[in-house]
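Residue-level listing of the chains:
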Amino acid sequence: MLFAKPLAELIAELEKLPGVGPKSAQRLAYHLLRVPDHEASALATAIMAAKEKLRFCHRCQNISEFEECEICRDVRRDKTVMCVVAEPRDIVALERINDYRGRYHVLHGLMSPVDGIGPEQLRIKELIGRLHDEPVEEIIVATNPTIEGDTTALYLAKLLKPIGIKITRIAHGMPSGGELDYADSATLLSAIEYRREM
Amino acid sequence: MVTHLTLLNFRNFEHLDQPISAGFTILAGENAQGKTSFLEALYWLSTARLLRGQRDSEAVRHGAAGCTAQATLEAGTTVAGALEVGARKKFFLNGASLPRAADIMGRIPTVCISMFDLSIVQGDPSDRRLFLDLELSALYPAYLRHFAAYKRALEQRNALLKMAQDRSVDPYAFEGWEEQLELHGAEMRRFRQEYLTALSTLAANVHAEMASREEVLSLRYFTKDSGASLAQTRHLDIARGSTQIGPHRDDVEVLIDGSEARLFGSQGQQRTAVISLKLATMEAWKDLLGVAPLLLLDDMLSDLDPVRRAKLCAVVSSRASQAVLTCTEATAAGSDILDIAQVLTVQNGTVRRA
Ligand SMILES: Nc1ncnc2c1ncn2[C@@H]1O[C@H](COP(=O)(O)OP(=O)(O)OP(=O)(O)O)[C@@H](O)[C@H]1O
Ligand SMILES: [Mg+2]
Ligand SMILES: [Zn+2]
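Sequence lines, in order, name chains Z and L. Quick note: to get the working numbering, add 2 to the position in the first sequence (first position is 1). Quick note: to get the working numbering, add 3 to the position in the second sequence (first position is 1).
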């Protein structure tokens, strides 16, 4: 046998993590074996605590420690604007720029029939529910500019249009500071397509 | 213009460090010495694809762990590709790694004519669509974007069609994919039709110069679609489990004197038609870039009769600026080219001046 059984099990668990291949799983496993016991159990406790204490905000579906997340509870945020994103990590990215002051809604995925994901698998019902008791005037769809991101945006636009809410889609283009010559052609093209007047 | 080619463990080349002449190069040598492999390396660097075979790993010299190829262009720009067995191929522009392999396309504008191209006339509609898609993607990055989006949306709609066979599916869920297909599909057809119209004229001119008697070559875009929308064909598509209309089902008709070359052309006519068509793509590049792309001709001289061969050489020497040709005997190239070409002898994975 290549690895002692507990080690093989640890490697197998680590390998299931996204972005972790067999080699890094081994490296991580050996590293964990070397760390002091209290560090290893701190990691194990943190994982379990996060699993137990975190849930989805009942309003925006973001990951939250409470029934309602901090952003939804923040009275200074503009309740009339809602930014729809695919994943909780997209909120982190948007919050970093410290510019957007509205609320969010997390879909937890994008429509993708090849992966068995249709509208029912996304948190769209929850979104519609919010429109009844929140004074939303504009919905900004901030899904990625992939075919799945675009189609999900189209779907939402069709669904929401009868309700009479303004729906916008974020523009995509060159990352600022990107070098034109090395940018991939898709980026360049959308940069041209979504150009703005100066 | 390519000035230098360096290969490491590419096909049967363990190591090659070869200056390339600004004009014409003839690679001569016996069978199975590496002539096609040399051309293929240039083709790989310009298209991210191999000439033959499906998998890139086939280019790695037997027993080696990986291969690299690098071309130096006239301004000192380098274009390189590297492949390790079991890993993704990577391409580099001036040493900087490009995000996607497809981003290398068009850095060395190239037109390659080889036996594999006979499928354009002789093969299935899918062979002709592949020809169009590759040419257009290399010429227009916008086409590549529509093509990739269309392909993905098609996979998604087909998956949804299969889902809809067992349970009811929200029509809105279909509409999104269908809108994408119709949008990108219309753009693909617009690109294809415009390109074919231009190509048809160019190919007719080249063909007129090469054919021994008066023969008219023309190209026609062919679609079976009746003009119905995807929403209208949805129920039929659900029954079949796949999308029945769209540019992924279109074809190109190659006509000689108005009848299909695939069905009625002689071997020599078909071959001449393919060469005309490919030389026409070179002209299309020229119109777009202002300079002729690199022309690669693999083994195209050997099977032609002496008259057609001489005409082909005359056409090539008058229209190409940089070209690499392979043949078993350098003399096959004829004096039009031979007089101005650098002749290299390829032997067992090595190259020397003849
Ligand atoms: N990955 C590889 N590793 C080692 N050798 C290879 C590899 N792929 C192909 N070869 C061999 O390289 C040799 C050269 O092939 P190539 O097709 O370049 O020959 P050629 O000179 O064009 O011959 P021909 O005149 O018959 O067309 C052949 O013997 C072929 O079997
Ligand atoms: Mg060959
Ligand atoms: Zn919330």
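Treat the hints loosely; a few may be bogus.
What the hints assert, rightly or not - SDA-like mimics (lysine to any residue), calculated; alpha carbons at most 25 Å apart, straight line: (1) Z/K25 with L/T236; (2) Z/K25 with L/R103; (3) L/K92 with Z/G21; (4) Z/K160 with L/T236; (5) Z/K160 with L/M166.
Derived by calculation from the structure, the hints in this document are not laboratory data.
To see whether the hints hold, each was checked on the structure:
Note on Z/K25 and L/T236: the hinted pairing is violated, with a Cα-Cα distance of about 49 Å set against a maximum of 25 Å. In summary, the hint linking Z/K25 to L/R103 is supported, as the alpha carbons are separated by about 24 Å, within the 25 Å threshold. At most 25 Å may separate the alpha-carbon atoms for a hinted pair to count; L/K92 and Z/G21 meet this at roughly 19 Å. Only pairs whose Cα atoms come within 25 Å are accepted, and Z/K160 paired with L/T236 is accepted, the gap being roughly 21 Å.
Note on Z/K160 and L/M166: the hinted pairing holds, with a Cα-Cα distance of about 21 Å set against a maximum of 25 Å.
Violation of the numbered hints given earlier is confined to hint 1; every other hint is satisfied by the structure.
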